[in-house]
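> As a plain string of letters, each chain reads:
Protein chains: 2
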Amino acid sequence: MSEVYVIGAGMTRFGPQPEAGVHDLAFDAAWAALEEAGVEPGKVDIAFAGHAYQGPCFGQKVLMRGGLTGMPILNVENACASGASAVLGIVQAIRSGAAEIGIAIGAEKLSTPAGGFLPTVADDLDSSMGRVMPAAFAMQARLHMDRYGTTREQMAMVAVKNRRNALRNPRCHMQKEVTIEEVLAAPMIADPLTRLSCCPVSDGAAALVIASARAARKYNPRPVRIAASVLVSGLRTPHGIVDDKSEMSIRASRKAYEAAGLGPDDVDVCEMHDPFTIAEIIHYEDLGFCAPGEGGRFVEDGRSAIGGAVAVSPSGGLLAKGHPLGATGVAQIAELYWQLRGVAGGYQVPGARVGLAHTVGGGVSQLESGACGVHILVA
Amino acid sequence: MSEVYVIGAGMTRFGPQPEAGVHDLAFDAAWAALEEAGVEPGKVDIAFAGHAYQGPCFGQKVLMRGGLTGMPILNVENACASGASAVLGIVQAIRSGAAEIGIAIGAEKLSTPAGGFLPTVADDLDSSMGRVMPAAFAMQARLHMDRYGTTREQMAMVAVKNRRNALRNPRCHMQKEVTIEEVLAAPMIADPLTRLSCCPVSDGAAALVIASARAARKYNPRPVRIAASVLVSGLRTPHGIVDDKSEMSIRASRKAYEAAGLGPDDVDVCEMHDPFTIAEIIHYEDLGFCAPGEGGRFVEDGRSAIGGAVAVSPSGGLLAKGHPLGATGVAQIAELYWQLRGVAGGYQVPGARVGLAHTVGGGVSQLESGACGVHILVA
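As given, the protein sequences belong to chains C and X, one line each in that order.
Residue numbers for the first sequence follow our numbering, so the first one is 1 and each next one is one higher.
Residue numbers for the second sequence follow our numbering, so the first one is 1001 and each next one is one higher.
Just so you know, the hints here were simulated from the structure itself, not pulled from any lab data.
Hints are not guaranteed to be accurate.
Said to hold, decoys possible - List of simulated lysine to aspartate or glutamate pairs, EDC-like, C-alpha gap at most 20 Å:
#, chain 1, residue 1, chain 2, residue 2
1, X, K1043, X, D1028
2, C, K255, C, D268
3, X, K1255, C, D45
4, C, K255, X, E1100
5, C, K43, C, E19
6, X, K1218, X, D1045
7, C, K255, X, D1045
8, X, K1255, C, E100
Generate the whole structure from the sequences, applying the supplied hints.
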C-alpha cells in the first residue's frame, strides 16, 4: 500500500465555548491546518468530517464557511472514534488513487445542546439501567483493583500527570494542577472514580491535512508518515459484564504494530483514550507498554510521564485537555504530528520519533459493538 | 485504479413498516445481500453504513444482530446521498488494498420517529422561512415551465410512468397506477407539485456486497463492474435562488462518464433521483439524456420508459418505490445490479448492459453544500 503523510494540523482550544458555533470551531481548525500545510483550500481532493451529534451535512457546512465546496465530503460517525474514522477514510481515499490531498476534520460541541448530557439510546437497556460510561469504567476499576491490587492512589496519579502536562498546553480545558489528595477527595461520581478521575465536557475541533507521498514532498520538507491506520469494531467487554482489559484496544494495536513493523517498545509518545483515570491504566496494558496488571505501577514509577519510557497523553489527554467526541481522534494525531516535528513547545517529548494515537468508543451495550482506532505515526 | 464489482444485493420492501426496527430492516437487507453473494459474514473486511437520522453506531447495531463484529465499520451521512457515500467508501477501501470484500448498507426509518417530518436545522434560514424541499422543487418547476414551456401534463407523466413501473416491483411503497388527470387533481403541495408529484415517506433498507476483482471471481461467475463511483459536493442552486438545472448532477455525471469511458448514449437503465416529478425532467437534461429544456418532451415521447432510449427508474424510483433517505443510494445500485444480471423480473429492461445511479441531497441552504453521487455499472 502506498505511503501517506500528515502535512499540516490545526486545532481550536478545547473547553466550553458557548459563544462559538460548532461549524465555526471546525472551520477554524480546518483553515489552520490548511495554512500550516501551505495548501490552498481548492487543492483539497476529499474531506471526511467526524462527529457524533452535530446534525446533517456537517462537513459541508464547515467548509462552506470558507466557500469550499465541489469535492467529495463524507460525514462519519463512530462515537468517540469518529475522528479516527475520518482519518482512516482519508488514508483509504488517498491509497485508492482517488485523491492526492485530503482533509480530516473532527469536531463536537457538548456544552450547550443538552446541557452536556449525551442523548441516551432508547433501545439500549444497559445504559438505561444505569450502566452509563462512568459506571462501566468504575466496574472495570473495581475489578482491576481486586485482581491486581491497583490502588486508588495509582489511579489518581494518572489525573495528576495529565493535569500537569496540560499546564504547558494552552489548548487544554483544564489548566490547574491537582494533587493525589485532591483527586481522592473530589465528589464521588461512580466509586472509585471521583469527579477529578473523569474527563470534562468540552467543545472543540481539530483538523489534519493528509497527502500522498508525491503531494507531501511538494508541500512539506518534513512530513510525518502514517505508518498504520487501523479501525476495528467490537464490544467493550465481549465475554460478560465487566473485564479488566479492552479487547478492541488489544486487537487494534496489534494490527497497527504489524502494519507499521514496530512494537510497543518503539513508541516514544502516545495520545491515549483516557476519559477516566482507570482507562489509561488498563490501556497501558492493552497497548503492550507493560504486562497485564502492571498498569498501576507503570504510572506510579513515572514510566508514562514526559521523560519516561513512553510519554502518555503529554497534551493533557482527554482528562485535562477535554474530550469533544468527534474532535478527539483527529486532535490526538495533530498532537503527535507536532510532537514528531519537535514543535510541541512546553509539553514536547524530547527526541520523539514514533507516536501512537488510540481512541475507543461505543460498545457498552451488548446489542451494539463500538469502534477502536489506532494510528501509528513516524517522523 | 483497480476494478471493483458488485457480487450481491439485498433489499427490504419499501414503505411504512412501523412494527420493524430500522436496525432489523438493515440487518435483513445485509443478510440477504450476503446470502445472494454466497459470502459468509465473517469474510467481510469492512462495512460502511449510510443513514441520516438513525443515531450513533448504526452499522455496529445492525451487524451485531447477526453477531458480526470485529472489522472496521464506518457510519456515513450525506443527506439523500448517504447511501451513495457508503458505496464510495467501500470502493475506496477495496482500491486502497485494505479490503477484499466490503458491505455497503443504507437504511432509514422515516414513518415513526417524528411522524414523518424531518427535523429542521435551527440555523438554516432558508428552510425555516418555508423553503423546504417541495417548495424548492416547485420553484424549479415554475422556472422550467416558464423558460422551456414544460407543462404540468409532462410532469405528471413522470409520476404515471414510475407508478406503472412500480406495479411490477413487489418492493415498492406505491403500487397503484395513476393517470395524468389524477396527478393533476391531487391535493396541491407546492404549486405546481401535487401530492402525487412527490415521493412518499417510507421506511426501508438495502445492502450491497462489493468485492475486488480477485474476490469477485471467487464468488460470482457474473459480477457487475462498478465502472465509476463519483461523489461531489455543491449547492443545489449555486448562483441564486432558483435554477432550472442541478449543477452538482451535471458535474458528477460528467466525471462519472469520464471515469467509465462511456457517455449518456451508452446508458441503458438509470435509477434517478426523482423525489418530485420535476426533478426527473431536470435530471434527464443534467445527465445528458437530452438537451437542456427538452426534458418534458423526453418523457412525453416515451423515451424514458422501459423500452425507450434509456429506461429511467424502472424500479418505480423514489416517486413510487419510496425514499428512505439513507437507503436510496444503495437501493438504486442494487436495482441496477439485478437489471444488469437480467433478473429484475417484471420490470426488467431488455438487454440492459450499462446502468447509472444518481442521487443528490442537501444543499438547499446557501450556508450548506450538499452531495451528489453518480455510479455507473457495467455488466
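> Against this structure, judge whether each hint is valid.
Here is what the structure says about each hint:
1. X/K1043 x X/D1028: Holds - the C-alpha atoms of X/D1028 and X/K1043 are around 18 Å apart, at most 20 Å.
2. C/K255 x C/D268: Measuring from Cα to Cα gives roughly 18 Å; hence the hint holds.
3. X/K1255 x C/D45: It holds: about 14 Å lies between the C-alpha atoms, which stays within 20 Å.
4. C/K255 x X/E1100: Judged against 20 Å, a Cα distance of about 17 Å means the pair holds.
5. C/K43 x C/E19: violated, 31 Å
6. X/K1218 x X/D1045: Holds, at about 15 Å.
7. C/K255 x X/D1045: OK: C/K255 and X/D1045 at ~14 Å, within 20 Å.
8. X/K1255 x C/E100: Given pair X/K1255, C/E100 holds - Cα atoms ~17 Å apart, limit 20 Å.
Hint 5 from the earlier list is the only one contradicted by this structure; the remaining hints agree with it.
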